[in-house]
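Input sequences plus hints: build the corresponding full structure.
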Amino acid sequence: MGAFDLLRIAGSSLGMHQTWLDALANNIANVNTVTSTSQSAFQAQMPIVQSAPTGGVEVTGIALGDPQGRLVQEPDSPLADANGYVRAPDIDLASQMTQLVMAQRGFQASVQVTKNAQDTYTAALQIGQR
Amino acid sequence: MSVPGIEAIGFTPWTAPQLSTDPLSAAGAVGGTQAPTGPTGPNTEFGNLVLDGIDRLEGVQDRSDQLAVKAATGDLTSIHDYTLAATEASVTTQLTVAVRNRALEAFNEIMRMPV
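Line order of the protein sequences matches chains A and B.
For what it's worth, our numbering labels the leading residue of the first sequence as 1, then goes sequentially.
For what it's worth, our numbering labels the leading residue of the second sequence as 1, then goes sequentially.
Below, a sample of chain B positions facing chain A; criterion: calculated Cβ distance under 7 Å:
no., residue
1, Ser78
2, Glu88
3, Gln94
Quick caveat, the hints were computed from the structure, so don't treat them as lab data.
Values in this document were obtained by computation on a predicted structure and should not be read as measured data.
Virtual Cβ for every residue (Gly too), placed ideally from N, Cα, C.
Encoded structure:
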């Protein structure tokens, strides 16, 4: 345990939330990405996280969504098969937006922790000053 | 120093670090052939402490500088990596300067001592 563990732990949280935000941005960007039925659909990404043994949080992997997706009737699409179907990703946009807010708030909370850490260190430096 | 009361339940008493008495006895020796050698350079404990602190400060500042270059060249993968390194470098610098100021203050206090 070092002197700057507070910053290190907050930093791990910032990293995790940034990964989460990146994954959500990618999911939302591809929410309307359709593929032909012969291919697999875009797979939503979801970070798998766990608490680190030395404190903080770490991303241990990225879980992928269902490659089957949803079959959508879109006869006008150039990717449509003979029956007029395309494969859309199985992403719930409302859930993604909710998670976006959660990830953003988590990131902001960690930023606040780093601010408080800085204030704490500054206070410690003033011990014994005249 | 031994404190049986607390040692019995698994605690070891804290003992104050003993100052080396060698320089004092050397200075007190009358007619000694060897001149008293004061604490020199980085061999003293406080010198080591300061040097370690400065080494650490240099490492932290190097890391911060590298990330600053990355930020300027667009190679920075996450903003908070740099801001955290910069914060750590800033606090470490302030700590080192504070220790240096306190040491200087102590030295001046000794120099003002009437002999």
